[in-house]
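Protein sequences appear in the order of chains A, B and C. Count along the first sequence from 1, add 1, and you get the number used in this note's numbering. Count along the second sequence from 1, add 1, and you get the number used in this note's numbering. Count along the third sequence from 1, add 16, and you get the number used in this note's numbering.
Treat the hints as calculated values from the structure; they're not laboratory data. Predicted model only: the values in this text are computed from it and were never measured. Quick reminder that beta carbons are idealized off the backbone N, C-alpha and C, glycines included. Among the clues, some could well be false.
To be verified - Some chain B residues judged to face chain A by a derived CB distance under 10 Å, without partners named:
(1) 69
(2) 75
(3) 182
(4) 186
(5) 230
(6) 232
(7) 274
(8) 275
(9) 403
(10) 434
(11) 437
(12) 444
(13) 448
(14) 449
(15) 451
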Amino acid sequence: MGRWLLRRLAAAALIVWLVATATFFAAALAPGDITLRLADTRVSPSIREQWRRTFDLDQPLLTRYLRWMAGAARGDLSTSWTTYRPVATMIAEALPNTVLLAGAGLLLELLGGVAIALHQARRPFGTGDRILTFATLLAFAMPTFWVALLLVEVFAFRLPLFPPSHMRSPAGEMAVGWQRMADLAYHSVLPVLAIGITGVGAIARYLRGSLLDERAQGYVLAARGRGCSPRRALRVHALPNALLPLITILGLSLPFLVSGSLVIEVVFSWPGMGQLVYSAALARDLPTLLGGTVVVAVAVVAGNLLADLAYALADPRIRLGDAA
Amino acid sequence: MTKTLYQVPIVDPIEFFLMVRLTHNLLTLAFIAAALSCGNEQPITPVASGLGPRQGGQVVVAISSDLSTFNEYQWAPEAAEFEVLDLLFPSLMIEQPDFALRPPSFGERLATSWEFSPDNRQLTFHLRSGARWSDGVPVTAEDVAFTFSVQKDPQLGAIGLEFKEFITGVEVLDPLTVRFTFSHVYPYQLMDANDGHIIPAHVWGAVPRAEWRTTDFSQLLVTCGPYRLAAHTRGQTIILARDPAWWGHPRPYLDHLVFRVIPDVASQVNQLLSGHVDVVRVVPPRDADRVRANAELELIEFPSRDWGYLGWNNARPPFDDRRVRRAMSLAINRKAAVDSVFMGHARVAQGPILSSMWAFNRNLPILGHDPEAARTLLAEAGWGDSNGDGVLDRGGKKLEFDILYPATNAIRRDLAQLISADLARVGVRARPLPVEAATFLARQERGEFTAMLAAWTEATRIELSSVWASRSAGQGSYNFISYSNPEVDRLIAGARLEADHARAKLLLDRIQELIVLDQPVTFLYERNELVGLSRRIRGANINAAGLFFNVQDWYWEP
Amino acid sequence: MSWRSLPAHLRHGLAVLGVLTTVCVVGPWVAGDPTTIVEPAQASLLPPGSTRWVVEHRDGSRTAAQEVQRQEGGWLLTGRGEPRLIAAGEVVALRRTTFWLGTDTLGRDVLARLLWGGRVSLAVGLTALAVAMLLGTSVGLLAGWRGGLVDGVLMRLADALLAFPSLFLLLLVAAIFRPSLTALVLMLGGLSWMGVARLVRGQVLSLKEREFILAARGIGASPLRIALVHLLPNTLTPLSQDAALRLGDLILAEASLSFLGFGVALPLPSWGGMVAEAGEVLGTAWWLILLPGLAVATVVIGAALLADGLAELARLDPA
């Protein structure tokens, strides 16, 4: 186990390095560079050259790569080429916004999905179950971007119940304490709904099926035989077992917690990681792009590692020692 | 606003992202005259009864992207950013919205008066006493001289460097008097002297020039304007608060100006309609009617300085042949395309100078929609449909090419499809090809295209050399289409040196004729500016000189 | 097995997908050309059910009018703006046309665009899905079955691809190759097999120590046979659910590739492109927002029902 973990960690570091390297070269070789944006096209080519020198763009690719790597290895993600602020600072600003949004979305998926599935499993095949089955199927099938548009159109414009965008109102920007929190919560409602609705559908659909399966298993029947109420049997005995496979899904969601949903961030003017990395890519702001990519890569690797670990712990048939 | 609008290429994701200053045409002459007669400070008499301007309140303005820098000399910020910077930094004078009629005149701002020497080669400004930076330090002639040294610094290569080309020196005569010396006399001396905001010498002067480009100036922010920065959440909100130390005290009336970053223009309009924002500076043409129909909102419309074109690569076959280029212009129903995409909020562009400008040649030969003439021209150039597949060919090569455009630009996407359909009718296969924005810029600059949909925002001065003069090695140029006509080059050089703008007009007229004859590009549209704002905002004079031309006079209806 | 005896979900899923596919395959012949632009000044953004006179001109362009009157020397068209007189010789055909699902910003028939878009999107989505499934299943089976170094390398590769910002890969490819449908499908499939691989591998890992697999190994069945006959059927349930959701994602992803010039070539429509453009008409044209999204959702619903049905079938009739 210890050896396995060690090897996986080494592999993880290798992947992060690989991804950073591949991103560096792909971005450096893609058409266009940062100076197209910063230096007016009409200024003389010599000024353009000065700008290129400012960013070491006149250096050979390999030199630039080694310089960046050397910095990154020391934990220095360098400075953004569009804001001149440390990339680490920019990530530190964007990451909490993304984690907040995606985390709340994940929580909604889990709580919403479990609640709906439990409700359905109590009286399967009744009218309520049928309606919910259709509703969850619809929730599962609707494209996220489209849901976001509809939510804004309906709940921000047609019925002006919620703000259409941003993390805070202008007043909220100036507020402190709980008022600031309340303002943020109010602004989160629509984006969290948009981000979570597919997941609610997916988890509810999945759980309903496995709850019904588990309910027929011996141990649940035995519990019922001991005089356990149907409700309790479902919650205490069937649910934990039905939830187990969700561990993998949660592990796979970790990268999403960090990388953010670009679509949702754009629709709701939410300044998270998705927007940060994407706009850096469009501007060819290499340090920011690479910094963001490394953070996302770490999350992907960590998520998968955690998922594998959890899987192994939950299912003793899988032996980590020689499988990896 | 005081940034002399340098000419900028528009490539941003959505056409409307790059909104700049505005312009008037002759129809609005009366309006301009009214604006001029009361100068830049529109007198509004405060009435105690509460019917007059009221102090207080905030106006929320939608912007498409956040401010990228507080120092305009650090790199080329987008034109829209200048409108925010204009509220934070002073300029010597304020350009008046009369540039459509002649080289523009100027009103007082940091300078209260100015005079030319008898030979017109020297220009002396007398600065306002009592103007202070936000840290309490007075604004002096030293700041003006420092700003000039920054503008001229070849190491920085700041935007607008070329506007300072003919200014040979700036002298501090005393703390409130500063003198500019010019190499020769020309119509744009005031404009060139005024170009760019004055920046704080005592703070930014301490930053070594070598580190200038890589400094985060938001950490060194010292301002002098009607507003100062109160809060800035990146990518979200900029809140400006009234600066009580500003010389215009007790104005501005509004306590706060709030800028909300809303990248999507359709969302901006929806938020205007729902009351989440009060001002949208660029209403998409499709939404104009919705804004106009709303009783709470007002829609202000006037010609912008943006014009769009279909650029042909003049250095490559088949568009190295003038007949082919002219045939394309004749085959495209430009009026229909422009009307379709802009819903009547644009005019068909005719030539290299905006039709709203004083130098526009009103007798230009107009190329109409004439597919028959187009076919004839193409046949003359050797293009015929030899294999009967409906696509013209010559020597075994089909007349087919891609029309490049920035992928997220919806206006150009629609234009490309309309143009493609028109060209198909004369046997030309033009395929719309969306390209990612940075790639588009790179390909445009390197001339790696056959045809592309692009646009310009024109300066308030008439300056044809950057786009239309032949490219020469080692020189920067906006002539992406590799247009080259020696006679045009000669005339442009002549017009540039002409001191008298009436005489320059004769040369400019001829240049326009020649360019229209050559059709190096197919001129498409001149867009109108559509500004949407709440009717309850009073005192706003939004005009060609900028959204915040008289922001100090804005107030909420009592 | 008769149709009736199939699980209800399977029948419903097949019905939804079958109807949709038929409509999208047959529909385009009936619905007309989705690229025909009808004078936007007159016919843009007409709501569903609008009727206009469409005038086909000699040069192939089309204008539209609310009313048409025969007059001396031609036809008088009245609509938005001033009435116009069009010479009789100029007119090839004059048709009263109802736009059942309205028109888009260029006056194109939304019904025709939806049907054609469906054909394109289903074709692209399904083939890309097939590529992703094939790649993902092979990698997952191989990694799970062989374990050890093979597993490590393959799965780490999947991790790396998940973390790599695919935008640049696409930019590079777009710079080198001309956009084509084949390239589009390969890119879409090639960038979305990683989830499938993880899923299959996980299933294989938990199955390979079970008695029936051990027994099959014991009697000397070849690894390929074990994989195809014993492992694959058992991964069907989670895989088909995943495929349903992935299909919807792929249909939409096509639109984001068009941002890089890689999507379905304009002016041909696609559902992904139509959903992506919906944001531009927020608050102006509800039909342009609602319809393409519903179309994509319907496909995913059909696919999900089909997946449910397959799972039930597998339970009823264990392989």
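Status of the hints after comparison with the structure:
With 10 Å as the threshold, the beta carbon of residue 69 (chain B) comes within range of chain A, its nearest partner Cβ sitting at about 6 Å, so the hint holds. Interface hint at residue 75 (chain B): satisfied, since its Cβ lies 8 Å from the closest Cβ of chain A, which is below the 10 Å cut-off. Against a cut-off of 10 Å between C-beta atoms, the interface hint on residue 182 (chain B) is violated, since the closest Cβ of chain A lies about 24 Å away. A distance limit of 10 Å between C-beta atoms decides the matter here; for residue 186 (chain B) the minimum to chain A is near 25 Å, and the interface restraint is violated.
For residue 230 (chain B), the interface hint is violated, since its Cβ never comes within 10 Å of a Cβ in chain A; the closest pair sits about 12 Å apart. Because the beta carbon of residue 232 (chain B) sits about 5 Å from the nearest beta carbon in chain A, less than 10 Å, this interface hint is met. At a threshold of 10 Å, the smallest CB-CB gap from residue 274 (chain B) to chain A is about 7 Å, leaving the interface hint in force. At a threshold of 10 Å, the smallest CB-CB gap from residue 275 (chain B) to chain A is about 5 Å, leaving the interface hint in force.
Checking residue 403 (chain B) against chain A: minimum C-beta separation of about 15 Å lies over 10 Å; hint violated. Contact between residue 434 (chain B) and chain A, as hinted, is not supported at the beta carbon level, the nearest pair being about 14 Å apart and thus beyond 10 Å. With its C-beta approaching chain A no nearer than about 7 Å, residue 437 (chain B) sits inside the 10 Å limit, and its interface hint holds. With a least beta-carbon distance of about 7 Å to chain A, the hint placing residue 444 (chain B) at the interface is held under the 10 Å criterion.
Below 10 Å, beta-carbon pairs count as interface contacts, and residue 448 (chain B) has none with chain A, the closest being about 12 Å; its hint is therefore violated. Annotation: residue 449 (chain B) was flagged as interfacial toward chain A, and the flag holds, the nearest CB pair being 9 Å apart, inside 10 Å. At its closest, the beta carbon of residue 451 (chain B) sits 17 Å from a beta carbon of chain A; the interface hint therefore is violated under the 10 Å criterion.
Violated hints, in rising order: 3, 4, 5, 9, 10, 13, 15; the structure is consistent with all others.
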